[in-house]
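Colleague: One-letter residues, chain by chain:
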Amino acid sequence: MVAGSTDAKPVLSVSGLKFAYDQSSKQESNYAISDLSFAVSQREIICILGASGCGKSTLLNLISGLLKPLSGKIELAAHNGNRRPIGYIFQQDALLPWRTVEGNLMLATEIFKDINKSEAAERINQYLSTFHLNQQILKQYQSQRSGGMRQRASIIQSLMFNPDLLLLDEPFSALDFYTKLRLEGEFYQLIKERNKAAILVTHDIEEAVAMGDRVFVMKTGGIVTREFAIDLGPDRSPESARGTPAFGELYRAIWAELQAVMAL
Amino acid sequence: MNSVQQKSATRFDLLLYPIPAILFLLVWYAYTLNNPQRQFIFSSPEQVISAFVRVVQSGELFHNACVTVFEAIIGFGLGTTGGAVIGLSLWYSRVVARVAQPYITALATVPIFALAPIIIVWFGIGILSKVALAFISTVTVAIVQSYQGSLSVEPRYLKLMQVAGASRWQTFKLVVVPSSLIWVINAMKLNIGLALLGAFIGEFISAEEGLGYMIVKASGVYDMATVIVGVLTLIVIALVLTALVTRLERHLLRWRVA
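So the protein sequences, as listed, match chains D and R.
Note that this note's numbering numbers the first sequence so that position 96 is 96, with each residue one more than the last.
Note that this note's numbering numbers the second sequence so that position 127 is 1127, with each residue one more than the last.
Hints in this document: simulated from the structure, not taken from any laboratory.
Treat the numbers as computed from the prediction; the structure is a model and nothing was measured.
Every residue gets a Cβ at the ideal spot worked out from N, C-alpha and C, and that includes glycine.
Keep in mind that a hint or two might mislead.
In silico lysine-lysine, BS3-like type, Cα no more than 30 Å apart, as pairs [claimed, not checked]: (1) R:1159 x D:139; (2) R:1159 x D:18; (3) D:117 x D:9.
Far from chain R, some chain D residues (derived; all Cβ distances over 12 Å) [as the list claims (entries may be wrong)]: (4) 27; (5) 75; (6) 126; (7) 129; (8) 163; (9) 178; (10) 179; (11) 185; (12) 205; (13) 240.
Bound-form chain D, shown alone:
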């Protein structure tokens, strides 16, 4: 399928990817992912929509290395050091509850001794301001914070590993509407300004159109039935995108495609 925007460096390239949970099965109908190819570039956000169990999360697990593909290639752009340049953010935050927020954010420095602690502390400060969080939360435990704050901290936790590509599995679905809107905006800005890339799995068409540069509609078997390019102007934000006339049209077109896919 089509590669991302032209001037940006590629971050991920997937070609001929196949996967089945029952690896002995040769039947194509049992494939969770059947022959998927696409690429992601820097500053690009890909949103994947589809019914539950269609293979969205399986795809993220394959890209992150949690699952091994049956065949096909997953190529990640070269990265400094031997670390996998990927961050994975789940629906629920993955903050370790027995550590303070700071302890969680510094986790990367404990796993990789080559990450400098004072530089890490500096980066934490930068990310805190990106996500409008204050210093006080660093000394607190996760249980003392709201869902939105926890998810922000969880994103920063992933960013501390300095990934090029962020994989997000319905990260905003458990949040209230206003928190979700704010967090979407902050996250969008982060990807664009820091030259990251993201693959966002969601059930929310509105979120997909507001955040995505491309939206994939997926059906059972991990087959992308249609890809929508979202062009809502150069200086868009998820919030401003929602007010444009094209937004409604895209929403309807994607909804129609989803309905067709789910009826199959």
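Using the hints, position chain R against chain D.
Modeller: Just chain R, lined up with the frame of chain D:
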């Protein structure tokens, strides 16, 4: 609002706590009053108090209690620590865990009473055999609980470590061990009673000191009052040790109440 309600409930509870004990004492007192026959079988509150004063003054109670507490605590410490280390390590290898399982189950189901004579023959009638019995009573609980804890780690924490590229040892150290701490502390709570039981059974069977020895000796001469003093002392020791573990729990798991 909620915390205020909880606080007043606790204060109210404090007033209620002694009521069953006072009722029991009154019934006991009335039942045995001026009846030497019943006093011989059931003793009486007054006799228990005078027996208590006697064994305190002679130093007998303090010495025997110290011996039992020492045996139980050493057995408890070795059993719980050793069991937790073994149980958590089983996380490393599913094969070893599978092979070990029937042995652990076997060890856990053998009544400590059945093992006691063997242990006393092996380790003698001194303190060592009681420590060994307290150890055997506690080690299996610690193994089972901590292994269960290592299997109950929230999957997304493991995913986080795996995606980050953490080694197995780092995952063990940074996620599995701290996450299993709740289970290890639960094992500690269960093990206090079991360690005391192990030490006590050892003393009961063959010993020259300790609360078990004191109780057996007193019951041999139908000195019910001293027997009851021994039992009450055991209860107090168990309560104090449990309170200590609860404090430790509050400290180690402070993030839960935070």
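Colleague: For every hint, state whether the structure bears it out.
Modeller: Each hint, compared with the structure:
no.	hint	verdict
1	R:1159 x D:139	holds (25 Å)
2	R:1159 x D:18	holds (22 Å)
3	D:117 x D:9	holds (29 Å)
4	27	holds (29 Å)
5	75	holds (17 Å)
6	126	holds (20 Å)
7	129	holds (24 Å)
8	163	violated (9 Å)
9	178	holds (25 Å)
10	179	holds (20 Å)
11	185	holds (25 Å)
12	205	holds (26 Å)
13	240	holds (33 Å)
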